[in-house]
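Visitor: Residue-level listing of the chains:
Number of protein chains: 2
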Amino acid sequence: MAGQQVYLDHNATGPMHPEVVAAVLPYIQGGFGNPSAPYAIGQENHRAVDRAREQVAGLVGATAGDVVFTGGGTEANNLAISGAFLGRSEPMRRHLVLSAIEHPSVRETCAWLEAVHGAEVTVVGVGCDGRVRLDELAAALRPDTLLVTVMHANNETGVLQPVAEIGQLLRDRGVRFHVDGVQAAGRIPVDVAAIGCQSYSLSAHKFGGLKGTGALILRDPSGVMPILQGGHQERGWRAGTENVPGIVSMGAAADVARRDLSANMAHGLALRVIFDNLSARIPQCWRNGHAGLRLPNTTSLCCYHADAMSVVLALSSVGISVGTGSACASHSQEPSHVLLAMGLDEQAAFCTIRISTGPENTVEEARWAADQIAQAVERVRLVTAPEDIGGCGEDCPCFAHSSR
Amino acid sequence: MAGQQVYLDHNATGPMHPEVVAAVLPYIQGGFGNPSAPYAIGQENHRAVDRAREQVAGLVGATAGDVVFTGGGTEANNLAISGAFLGRSEPMRRHLVLSAIEHPSVRETCAWLEAVHGAEVTVVGVGCDGRVRLDELAAALRPDTLLVTVMHANNETGVLQPVAEIGQLLRDRGVRFHVDGVQAAGRIPVDVAAIGCQSYSLSAHKFGGLKGTGALILRDPSGVMPILQGGHQERGWRAGTENVPGIVSMGAAADVARRDLSANMAHGLALRVIFDNLSARIPQCWRNGHAGLRLPNTTSLCCYHADAMSVVLALSSVGISVGTGSACASHSQEPSHVLLAMGLDEQAAFCTIRISTGPENTVEEARWAADQIAQAVERVRLVTAPEDIGGCGEDCPCFAHSSR
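Those protein sequence lines, which keep their order, are chains A and B. Quick note on my numbering: the first sequence kicks off at 142 and runs consecutively. Quick note on my numbering: the second sequence kicks off at 142 and runs consecutively.
Source of the hints: derived by calculation from the structure; they are not laboratory data. It is possible that some hints are incorrect.
As the list claims (entries may be wrong) - Calculated from the model, a selection of chain A residues having no Cβ within reach of chain B, i.e. all distances over 10 Å:
1. Gly199
2. Val264
3. Glu306
4. Asp361
5. Glu383
6. His408
7. His431
8. Thr503
Unchecked claim - Covered by chain B, per the in silico footprint, the following chain A stretches (three or more residues, Cβ under 8 Å):
9. 146-159
10. 207-219
11. 249-257
12. 309-316
Virtual Cβ for every residue (Gly too), placed ideally from N, Cα, C.
The shape of chain A in the complex, shown without the other chains:
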């Protein structure tokens, strides 16, 4: 594999599927009309957007009328949460509940609503397996709770959250439920009706589409206010000229992901076990998060005494791309809030790398990369001062640390 690039950070972004590239090229090299224009090539673009709307809806069990295309997953989360808060019909209903492991686009939106717009926010913890505590969430609900927001799959650990159970809990309580599905859609089966959420976020580039396009599945728009003001595109939910190439790419990627879902999941699991097994091969190393209830493509690995950024850069020098926790936070020097919420200490958080595969990775690549990771950790440890091990202790029965 020497000299080749092995990309293992698909939770940050990934390549487009060749079929998606083929679908989008005509809209880059020629078919450029404005979908709002009444003449023929405008209407052709309008139909392309409508087709993509059907395709994206089909990926998550929604109807086309629920799909609001946005400029990405972050905007979709902002629209779902800020839009619901700022547009609410009952001003006194201002309590928001989120989990401790949400993406910054959810955390920061809730923090902004608290700091600027008078929201009251409750953060619900997770177990050391990385799953939201249902009992704590139920206890957090108040008569003035407006919205609960919990992600479907965590971007750092891949751990799946009990969204269907939460949907069940909130049913008939008049509390909105938003699910950030950015990491889940296209990777595991998603049925928004079964979850029972009022809104669900997707990001095209996380499942083979272009960057710069996302969607909010807005199943219940009552009391939601647009966050971008302007033209009447997206039935008034999102102003701005439709990003036709991005939207077409998202539709095509949704179709491919839906068709290949079972095969991709099986393939992902075959690769994941190779990386999961590093926790047994590397001394003082464990895998973070629930063993089974996890995205098929994600392994979060704490290699104690091995600074993650050093490991990532060592791997980069041999052509391997893996992440340090979350790309969205990589410019900060803060330890991962996700891993801290799971009970890891700062040292353990700073020693955690994230390996996330995609359909194009091969078993051969994965085996080679796993060897390289083991070697990189060993080399980095030679120059890293040993410190005490973190986590929630030797007695902890959680799956996360079972391999220590």
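Knowing the structure of chain A, use the given hints to seat chain B on it.
Guide: Relative to chain A, chain B alone:
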């Protein structure tokens, strides 16, 4: 030209320049890294974004550090106006001034701030030549005025606004000046320092880039609050994974537009005169807006007694795309607020088509299209009941109606 497509609605959107397509394809077919990731292909993408930042800044006389990439021109206008209002340090400073001919992304943002956030809004009129009345704008300023927002070039008429004079007027008054430059950037010389504005909006697809990418030139960010919350991308001004293909396309398009600016302007003027002359060829037809202070690519033509939508659809049937006023408002049945503000009546507004050319249009195409427009107007008039002519009357000395 029969059987060919002649696209004359570049103010709605336009094709990408072949050099821009060539620049962006590598980021669609291969180079897909996340710019926030620390490994090699992440950093390659980071450098591509930085390069585009320099290119976009260079188009409008800004520095790279001023450029905030957004999901489009609408988002840039929202950030400039809502961001300044919601982030202001003096809560009592809540007066906004805009012109009567602003784009919906400016008008609706101001209306939203008024309805939801307690802003007070003053709308300043335009003359029958489509230019903002400077004396009225000066008189509208109050001690609590926070921001004035005026577009550089109008999307429907192409009329250039006196932005440098407004910048001069506001200098040293402590009033922010935002300029919506979406239709101007890449088509006429722009120097944000000479204008003296605090912020300036651009949209990539209006000058040969991809849809779904814009930029706010944020020269003075003091007291501005981000409108999308999340990660720390764009120095904290705009959360969300950077849309690398869109940003690269915007940078490449900026370079091409800057290089070809003089040639494109001369070519545009050569085409424009062909369409301007229709006001002499077609009975009861006039051109809207100032004769000279206008984008080189835009002709707004009122063909009285000829319903614009009927004319547009008739032209579409022979392969010609022209607009009805603004694409952003085309789904509404409202008459153009721009034309009404200029003194036209509703009937005249509904009989106005917009012809906006691009660098790829040829003189031959333009001549053929002009003939087709004249014929289409004649045909539509055969089935349209005559009514009184609108506008500001036979005695009006304005340039707009000089050809009647």
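Visitor: Quick one: which hint numbers does this structure break? Sort them smallest to largest.
Guide: 5 and 12
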